[in-house]
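**Student:** The lines below spell out each chain.
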Amino acid sequence: MQGPAPLRGRPPFALPEDSTIDAILSQLPGQLLDGFVRGLVYVAIALGLTIVFGMLRLVNFAHGAFYAIGAYVGLVVAERYGLAAGLIVAPLAVALFAVVFDRVLLRFFYDKEPTAQILVTFGVALVVQESLRLYFGGTTRSFPIPAALSVPVNLGFTQYPAYRLAFAVGIVAIVLLVWLFIQYTSYGLIVRAGIRDRTMVQLLGGNVALASTIVFALGAGLAGLVGAAASPIYSVDPDTGFSFLVPSFVVVVIGGLGSFWGAVIGGLIVGELQSLTTLVLPAASDVVIYVAMALVLLVRPSGLLGESEVIRG
Amino acid sequence: MNVRLKPTRGQFIVGGLAASAAVKFASINVIAAPKTLVVGLNVPQTGPYSDQGQDQLRAYRLAIAEINAKGGVMGMQIEESVGDDQTKAPVAVENARRMIERDGAVMITGGSSTGTAIAVSGLCQEKKTIFMATLTHGDETTDLNCHYHTFRRYNNAHMSAQALAKTLLAKYGTGRWFHITADYAWGHSVFDNLTSVVEPKGAKTIANVLMPLGTTDFSSALSQAQAAKPDVLVITEFGKDMVNALNQSAQFGLTKSAKILVPLADEYMAKGAGDNFDNVVTTAPFYYKYQSDKYPEAKRFVDAFVKKYNSPPSNGAECAYVDMYQWKGGIERAGSLDPKAFIEKMEGFHFTATKGPEYWRAWDHQGINTVMVLEGVPVAGRDDPFAFAKVLEVHDGDAVAIQQSTSKCKIEDS
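Protein sequences, first through last, are from chains C and P. Here the working numbering is used: the first residue of the first sequence is 1, the next is one more, and so on. Here the working numbering is used: the first residue of the second sequence is 314, the next is one more, and so on.
What the hints contain is simulated information worked out from the structure, not anything from laboratory work. There could be a bad hint or two in this list.
Computed, partial: chain C to chain P, Cβ under 10 Å [stated by the list, open to error]:
| hint | residue |
| --- | --- |
| 1 | Gly-156 |
| 2 | Tyr-160 |
| 3 | Gln-183 |
| 4 | Ser-243 |
| 5 | Phe-244 |
| 6 | Thr-277 |
| 7 | Thr-278 |
| 8 | Ser-285 |
| 9 | Asp-286 |
| 10 | Leu-305 |
Built from N, CA and C at the ideal position, the CB exists for glycine as well.
Work the whole structure out from these sequences, hints included.
**Tutor:** Structure, rendered in structure tokens:
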């Protein structure tokens, strides 16, 4: 019933009127930029997902809920005190929520089967989603872009919204900061060691529990920040978390579970694939990322930068 | 040694898929008691069209509460069986099947998409159960896929395009038209109807980017639109998808560089788009500000709705409300729950409710009523956030509807 309708002799995709390869190529730089910016959203969300998995071996289906809480907190604070305040409060509020969630509930599931982890995190995600619906109603909400950033910027090869460019620069900076944290701080050392062998770090006296909580709060805070920063681009509603959760899992699977740069590369691949597909076959722009995931799983089951599965005894 | 249980990659993926599947299940609640009539309210409460679905649900519940308070339908109280169709045809069909088979629903109503409406219509024909399709605007519901048991009162894409014709050529000119279209039955139907109206007059369609239902980021399509420098940008999207597409168009500067046409909109979409809806031309079958000033029944409905829910009804809610009363009236005129008797009393039935005189066409079960052409006003000029438009034209339904000679509807005998 949703099959293709006759399109009056035109191809079912967007080709400029002269329909030449040159015309498509002329659009390419703009689409590549768009794919990059779009990919950064996935990078920032998937990063939290993957470092939490790496450190805690936790499959966290509540990650999308962190995004949604961040979006709503950001929206409420921004409406009263401006967008900048929203961008500061949202990640802190979500990180705090994550710490409470971790200490009160999640820590009892660290050593449980992954199915139990999935059930409890998925359950929390549903509780968050329905709580947001109960409190804020189901209506779509959005926050206007600050006037200074509401116009497109002429980059020569394309005109691109100023807010999206600022958003992209911010995410690149944050990804680098997270990388520096993991690479060069003592907590980062525990995190990296914990990803490789959690038990050994504990035997050596490392405070894995504290590092785990910090990593969990960091991952959640990142999702919350993206939620708040993206609310002027995407409208916000209680289902918003799930709409970003699934592509983020695809990103993590493509990049490799637990791999920092895997999430970065996976996110950018997904963003570019969606943008470029929209240029030639927009109707397939949703499904293309799942095709990519299937191909990666066939060719390299551990993901592009993931390590092979080690069976521990 | 403490052995940690680590999820394998396979478990991770299988678990993920299983968990994703779990969220697809729609909940259906029903409390059935003797001497009641169960009606199935099958609307999206989640997903891209959930604002519209939830508002329809409010209207159904208002109508049911009013009807029950006045003695019900032939002495029987109406009970609801509610399902969230998520704007997905398979979910909508599964909901309707459960409503009919498990809960004994004698009528199914709802929907915010032509995709779900066509699917549910097919099931209701098979089950010989009345389907009052509300918010479905694609032609197919009462054209190619019309069915004996289905009635649709909402305007369709053909009516909207015909009603728009004069305004489009006067305000938008012929020029180069760039379309961003929802990729399913409704979007295709609107695109075909619009182009068949404006192309013969000289408008040039330079692209039609078909985007999947539920798209949140339209940037790559808008980037193409910007490069193409169109005179007119047509956004045939609905619900949250339209809000995102229009707001993002503004970020790309397209609301200034091109004229924007949104062929169908409602109060929630216009509220979500805020000032970006300023000057945008659209169509709607009902606008609470307009009809409540003209028709007492519309005023009574709008007042009751505002009193109960603190917000005015969207045009889909109005259709839901009137559909519930139309079903009640049909049953009472037939004096029976027999679908055939009901349908015979509905076909060709003339009535006046919230919009002035209207009727149900016998040969395709399309409701023939007025189509409005509206133009968005800025937020500062609105009495309330939902009062989004000024009325440009009101067209008589018969003048813009598909004629029998060109219709593809071949309705069954039973």
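**Student:** Which earlier hints can't be squared with this structure?
**Tutor:** 1, 3 and 10
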